[in-house]
Each structure stands twice: as structure tokens, then as C-alpha cells.
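Participant: Sequence:
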Amino acid sequence: RRRLAARAYARTANYDTAISTWFAGELKDDYPRWFSFGGTLKQTLRYGENPHQSAALYVTGQKRPGVATATQIQGKELSYNNINDTDAAYELAAEFDTPACAIIKHANPCGVALGATCLEAYEKALVCDPVSAFGGIIALNRAIDGPTATKITELFTEVVIAPDADDAAKAAFAKKKNLRLLLTGAMPDPHAAGRAVRNVAGGYLVQSRDNGHITRKDLKVVTKRQPTEQELTDMLFAFTVGKHVKSNTIVYVKNGATVGIGAGQMSRIDSARIAHSKSKEAAQAAGLKGALTEGSVAASDAFFPFSDGLLATVEAGATAVIQPGGSIRDDEVIKAADEKGLAMVFTGMRHFRH
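Everything in the sequence shown is counted per this note's numbering, starting at 5 for the first residue and increasing by one.
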């Protein structure tokens with residue numbers, strides 16, 4: 005009786021939460037005095053982020069396409085880390101209108117690219133960091149065909165998520181019985197409003213999701229040299245990718261593909277240098293000399309507090325830089341960019357991610 009009573013109260017509490025959430029939305033009350041969260045148990049997981057932690061997946065009833073609502077076609081049971089990484093991958097791939105591929109490891113991208121086809125996008129994304137891509141998560145924003153699936157199976161992959169896959173793709177993936185294939189039927193809207201919630205001791209932090217979007221008309225050229233058309237295109241792509249990388253972030257892009265990603269460093273200059281170093285390793289793996297970052301553009305998720313971070317991107321071979329601006333030393337950074345012949349644009353929008 006106590007178990008049934010507990011279930012009944014939990015069910016009615018979840019229903020009341022749905023009602024209060026609906027009313028808050030109707031009244032445009034983003035942060036009501038009392039805030040409740042509701043969810044239905046979908047899956048008890050083997051363990052959490054680490055084996056000594058327990059975990060479960062709850063669904064909220066929202067229809068946003070993604071890992072929580074996807075259909076698993078094949079493969080082993082999803083783990084806590086699989087779900088977290090797959091969510092990060094799919095939200096990133098959804099940012100782009102053209103065929104795109106995002107390869108994720110530990111919730112950070114290790115390769116992102118655009119292409120005429122999904123196969124081209126995957127091959128370009130893989131070049132950025134083929135070592136880190138081993139055992140990663142792959143997200144595509146188009147239906148997967150046979151050739152793309154066959155190529156993906158050449159490298160050990162934990163999860164593949166896409167809106168759909170044809171029969172040839174499913175047959176190719178079926179040869180890798182442990183690979184998890186998730187199909188969602190659609191892509192999430194990257195510009196849709198939503199909430200992001202995080203636990204802190206004794207409470208929750210609640211904020212609107214980062215659906216900020218930059219277009220060419222938002223860019224302010226602050227250097228003497230104007231960026232080229234290709235640089236502009238690559239800068240917008242790089243800045244969008246940077247939105248999905250743990251701060252501090254530096255992303256190098258060339259011809260619609262990341263060629264170096266520096267993530268999660270306490271110093272922005274370290275992120276710039278790490279991305280450059282990784283690009284040298286990737287170039288060597290591809291049989292090329294130098295670094296993939298030579299002739300690239302660089303994106304920073306926040307402003308450069310000093311010119312040293314900017315100069316680190318120059319050392320990597322970047323010819324143009326996109327950043328939010330807003331530092332008290334912007335003039336110093338702009339002067340350094342002019343001295344090096346860089347084109348630099350300010351977006352006026354920061355993309356911290358923690």
C-alpha cells in the first residue's frame with residue numbers, strides 16, 4: 005500500500021508540475037516563485053558518469069528531437085556518458101542547414117565539418133583529430149546512406165545519431181553489433197527557446213538555453229583589412245562550433261571544417277596553443293607537412309583580455325579572427341591584429357560553456 009501510495013503521489017505531483025509549467029509559460033513568467041521539475045522514468049542505467057555512481061534517464065514529455073526521444077535501432081544499452089555525449093553531438097549538428105557531421109568525445113567536439121553530402125562532411129570532420137575520434141559519438145543532420153555508414157564502421161564508434169538511415173546504412177551498421185544507432189525522425193530547432201538547469205549545493209541554477217545566433221549582418225569589422233568571402237563563411241561556422249565547446253575555447257576552421265579545437269583550458273592562450281599542437285599531429289597523420297591551421301580562421305568564445313592570445317592564433321597560421329569583443333584592451337588587440345595583417349570581426353555575443 006505504501007508503494008502504491010508513493011506512486012500515486014509521484015504521478016499527481018508530476019501532473020501538477022506540468023500544469024504549473026504551462027501556466028508559467030502562458031503568463032510569460034520565466035522564473036516563477038516556486039519551480040518544479042517533472043519527468044517519467046525511461047531507463048535505469050548500468051551506472052552513472054563513473055561505475056560507483058547510480059543513474060537513470062527521465063523524459064519530460066517535450067517533443068524536442070534528440071537522444072532522449074530517439075529510437076534505438078541496434079547496439080548495446082546506452083550508458084550515462086553515451087547519452088550526455090550524444091545530446092551534445094546532436095545539438096551541434098542541428099546548428100547547420102547544409103549536411104554536417106559532429107564527432108564528440110567527452111561532450112567536446114573533436115571534429116566538425118560541412119559537406120555536399122554526409123559522407124564528405126564525415127570525412128572532413130575526421131581529419132581534424134582522428135585519434136580522439138576513436139570511440140566517439142557521431143551526429144549527422146541528414147539521413148545516413150550506405151556509403152556513409154560503411155565509412156563510419158571503419159573506425160570504432162560508440163553511437164551514431166541521425167534523423168534517419170536507409171536500408172543500406174542499417175545493413176552496414178548491423179555488421180557492428182555493439183554500435184548504437186539512434187534515429188530521431190527530425191532535427192531539433194537550434195533557435196528554439198528552452199531552459200538549462202544545473203544542480204548546485206542546496207539549489208538549482210536555471211537559465212535560458214544558449215540559442216544565440218550570429219549572421220553576417222551582426223559582424224563588425226574592426227581591422228584595416230576586410231575579411232574575404234571565404235574567411236567570413238568560415239568565421240561564422242567556427243564561432244557556431246565554438247558555442248558547443250567547453251570554455252575557454254579556440255576553434256580553427258578552414259574550408260568548412262575544423263582543423264584545430266582547443267577546449268576547456270583555464271587560459272585562452274593555452275587553448276589556442278593546444279589546438280595548434282593537435283593540428284600538427286593531424287597533419288602528420290594525413291601525410292602533410294606543417295599544421296592544418298595554416299591559412300585558417302580562428303574563433304574565440306569570449307574576448308581576448310590581452311593581445312597574447314590573438315598572437316598565438318597568428319603563430320598557428322590564422323589569417324582572420326572572430327571574437328565577441330568587449331575587453332578593456334580591445335584597442336591593444338586590434339592594433340596587434342593590424343600589425344599582423346589579420347582581418348578581425350566582433351560579434352557582440354559571448355558563448356561561455358561550462
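Be aware that a few hints might be false.
As the list claims (entries may be wrong) - Listed next, the in silico DSBU-like pairs over lysine-lysine satisfying Cα-Cα at most 30 Å (straight line):
#1 Lys250 <-> Lys221
#2 Lys46 <-> Lys181
#3 Lys284 <-> Lys344
FYI, nobody ran anything at the bench for these hints, they're computed from the structure.
Keep in mind it's a predicted model, so treat the numbers as computed, not measured.
Participant: Taking the hints in turn, state whether each one holds.
Facilitator: Taking the hints in turn, this is what the structure says about them:
The straight-line distance between the Cα atoms of Lys250 and Lys221 is roughly 26 Å, inside the 30 Å bound, and the hint therefore holds. Restraint check: the Cα-Cα separation between Lys46 and Lys181 comes to about 23 Å, which is no more than 30 Å; the hinted pair holds. Among the hinted pairs, Lys284 with Lys344 is consistent with the structure: their alpha-carbon atoms are about 22 Å apart, no more than 30 Å.
Comparing the model with each earlier hint shows no violations; every hint is respected.
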